[in-house]
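**Q** Residues per chain are reported as follows:
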Amino acid sequence: MLSEELIAIVGERHVLSRPAELLAYENDGLPGYHSRPRLAVFPGTRDEVVAVVAALWRAGVPFVPRGAGTGLSGGALAGDVVLLGLQRLRRIVAVDPVARTALVEPGVVNASLTKAATPFGLHYAPDPSSQTACTIGGNVAENAGGPHCLKYGVTLNHVLAATVLLPDGEIVALETPRDGRAGYDLLGAFVGSEGCFGVALDVTVRLTPNPESVVTLLADFRSLDAAAHAVSAIIAEGILPAACEMMDDATIRAVEASIYAAGYPVDAAAVLLVELDGAAAGLADDVAAVDRLCRASGARDVRTASDAAERARLWQGRKKAFGAMGRIAPDLVVQDAVVPRTKLAPILARIAEIGARHRVRVCNVFHAGDGNLHPNIPYDASDADEAARVHAAMREVMELCIAEGGSITGEHGVGRDKLAYMDRLFPAASLDAMCRLRDAFDPRRRANPGKVVPARYCREWAGVTDVEP
Amino acid sequence: MSARDLLPGSELCVHCGFCLQACPTYLALDDENDSPRGRIVLMKAIAEGTLAPGDDDANRHLDQCLGCRACESACPSGVPYGHLLEATRERLATVHPLPVVARLVLVVFASPLLTRAAMLGARVLRATGVATLLARAPGRIGASMAMLASTRRAASRAARAAPAGDGRRGTVATLDGCVMEGLFTAANRATERVLEANDYRHVSAPGQQCCGALHVHAGDAARARTLARANIAAFERSGADLIAVNSAGCGAMLKEYGHLLRDDPQWRDRARAFSARVRDVSELLAAAGPRAAGPLDGAPRVTYDAPCHLLHAQRVADPPLRALRAIRDVDLVPLPDADQCCGSAGLYSLVEPGLSQRVLSPKLAHIAATGAAVVASGNPGCLMHIGAGLIRSGATTVARHPVELLDAAYARTGPSA
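Residue numbers (the working numbering), protein chains in the order written: chain A, 92 to 560; chain B, 11 to 427.
Just so you know, the hints here were simulated from the structure itself, not pulled from any lab data. All C-beta atoms in this analysis are idealised placements derived from N, C-alpha and C, irrespective of residue type, glycine included. Check each hint, because a few of them may be wrong.
[What the hints assert, rightly or not] Examples of chain A residues toward chain B, derived with CB under 10 Å:
(1) Ala111
(2) Asn118
(3) Gly176
(4) Gln178
(5) Thr223
(6) Cys225
(7) Ala341
(8) Arg344
(9) Val346
(10) Ala348
(11) Ser349
(12) Phe413
(13) Arg418
(14) Asp422
(15) Ala524
[Claimed, not checked] What the simulated footprint calls covered on chain B by chain A, stretch by stretch (three residues with Cβ under 8 Å from a Cβ of chain A suffice, anywhere in the stretch; the number is not a length):
(16) 20-26
(17) 50-63
(18) 87-97
Let the hints inform the model, and build the full structure from the sequences given.
**A** Below, the structure is given as structure tokens:
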């Protein structure tokens, strides 16, 4: 039996098969979906991962890799297949302060990596809001972003190499082509493959020097529209902030009611959190310019964090905002769409109009500088009428973003949640090409089946039957 | 009915996972069933009836929760995890009874007479040196004896500096506490002296009993309510403006009497008024300064470990540090992960000894790395658990209540304005 074989590899405590113990693994960070894995297995070493995947291959059983389960697209849902949890592999194997790299196992928590790099004046730049919980393996799978990716780039720009275990048990070393070496960027294909191409056994990441100087501004607006215009004005001025984040009034109030209260103005319609960093020389000019542009766009007030502690509070409030949504209503739809930055103001107005028409409350907390929207709608799923209105409104929002030349995900991935939008965004030929790329890594569709590309677009699709939502 | 009605507060959880890394048992066991959000899933399922209350898996994972409430300090949504756990344990009490040893402890603590007898027995073991002798013995006996041995104090010097306070900050009654009065008698007297030295007037509150915290945590809310009513009445009789507590676990309980008696129309308002007057001793000291003192003999290096029920349950973070900083020349060094549970957690070290030790071991390593001669912490459970761990690991560091250190400093020099 499969579970006995897995127990022989990882030990009894690390294989879960009874219903009560699988409940906690029925969903990831995205509320609203539940699907029970057939089994959950948690290897503790690289060798155990290899042995487990080999056993699954022999048994012909698909698996879903999972890090900390903080993903927001249902990417780690493992209904009826095996959930492969990698959170026990959390060794930071090496930090090289000279080369500014680190070699880590996939279960290392994002914030722990930065903590390990801090003594060397370095940090790991991609900083998803869940960074205190999420893992590097999950970040690689989702090509995770975060506020500071505006200036520093997403996970893809910080991964230098990975040792990848393919679903058939083959181990391949993938590297970014550099130093004159030629060839396809297979590592680039792997980063963001949402667990469909295999499992990273280790990852070599770039560490970034801490900036000499950092200034964090909080601008307070009477309307979303004014805040959106300020974002465009800042970018148009040629300034590249380290981060440029927007939060609307409902989000501000949820955060201010929480343990992460940051001192945001609760009577504001929106706030912008703008961080400028770099060499101390010249930074003051950018700070003055951002201050001026915000005020010219209608900011009531612009203030600057006075010290590191206040800066940390301002960021904690922003980063924990998603979790604070539970204060508004028990259920939540979370979205992640990208729109052209120049259209931010009109699109936010249209989203508000869609919300009003469906009588739902859209809460905006997002990476404004990237045009990466996170419209969230808290609601009560036990109210069937409200639930229907919420989903109808969200569909309209996503269709609007696609129609305006945007995309359906900036950083959360497609997972299961956004499968239905894929064929609105891509023609059939493109989806088929994605399937064929996948064939290079996982022709039998054993890793995270049924995610990212709707199965019907894969011509040679081989037949896992339990994957359609 | 939905989880909101069946387990109020559980609807606040959106499963974001921000609690995971705050949870000592998740870090030790790597299983979400032993994490806050995983346990909330289990508690909801039990409340809704999708899991049988007798489910062995669910009960094991819930039993393994320390109840440290560090997750509450990490939760953006304000999930009242401690209340969810207490409500669930109350629901499970009949179908999933506690181990015999734990039930015995609860019976003893509910009776002042039995408590006094048990503490007397413990003091005999301590005074005769039996506890010290057996402190390094293997297993539970050794661990218990080490806990007892860690409470030993050198006889206090006869002459104490007269308190300099003028009582203008109002009258304060102190909670004696079962273990504090039984085994940390010196710390209780020190508490009274440092309060007096900082202008509070100490009054006694006869008739007070066990706070009931252990009972609530074990699902015996009925007995805890009986104890709460007795305590409210006793402290009302004392006429004190404020109630000071030097045991973080008891203080957190006293501050929650309003919640405990929320469905009792006769006591609800009295309980709320009572809870509003409860302070940790460090809060009172911080409000008064506290007056500077010391230095201590040899200016020892001191580090501070935050009791979970002070930091996470009461949200009191800085006052104990202010009390320690009032000691002149104190070499106060930060303890890494001081916000993480030591594994004591009331009855936990008794009923889950293995996991309790696993949670303790990183704590001991961090303490050793500071090079501190004293680790200060304001809760008897933590003092004994850490103290026992130090003894059993052969360390020379001792665990002390912050007021013991402040009192010793006052004794040397007297409080200064």
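**Q** Given A/Asn118 as an interface hint, is its Cβ closer than 10 Å to any Cβ of chain B?
**A** holds (6 Å)
**Q** Would the hint on A/Ala348 be counted as holding, given a Cβ-Cβ threshold of 10 Å to chain B?
**A** holds (7 Å)
**Q** Given A/Ser349 as an interface hint, is the shortest Cβ-Cβ distance to chain B below 10 Å?
**A** Constraint on A/Ser349 satisfied, holds at 5 Å.
**Q** Closer than 8 Å Cβ to Cβ for three or more residues is the test here. Does the stretch 50-63 of chain B pass it with chain A?
**A** Result for this restraint: holds, n = 4.
**Q** Closer than 8 Å, Cβ to Cβ, for at least three residues: run that test on the stretch 87-97 of chain B against chain A and report holds or violated.
**A** Per the Cβ count (3), the hint holds.
**Q** Less than 10 Å between beta-carbons is the criterion; does A/Ala524 satisfy it with respect to chain B?
**A** Hint violated; A/Ala524 Cβ to chain B Cβ min 34 Å, cut 10 Å.
**Q** Against chain B, run the beta carbon of A/Arg344 and see if the smallest gap drops under 10 Å.
**A** Violated, about 13 Å.
**Q** Return the status of the interface hint for A/Cys225: holds when the least beta-carbon distance to chain B is below 10 Å, violated otherwise.
**A** holds (8 Å)
**Q** Given A/Phe413 was flagged as interface, is its beta-carbon under 10 Å from a beta-carbon of chain B?
**A** This hint holds: A/Phe413 lies near chain B, its Cβ roughly 6 Å from the closest one there, short of 10 Å.
**Q** Does the closest beta carbon of chain B sit nearer than 10 Å to the beta carbon of A/Thr223?
**A** holds (6 Å)
**Q** At a threshold of 10 Å, is the proposed contact between A/Ala111 and chain B supported by beta-carbon distances?
**A** Holds. Min distance 4 Å.
**Q** Against chain B, run the beta carbon of A/Asp422 and see if the smallest gap drops under 10 Å.
**A** Nearest chain B Cβ about 8 Å off; hint holds.
Against the hints set out earlier in the document, violations occur for numbers 7, 8 and 15.
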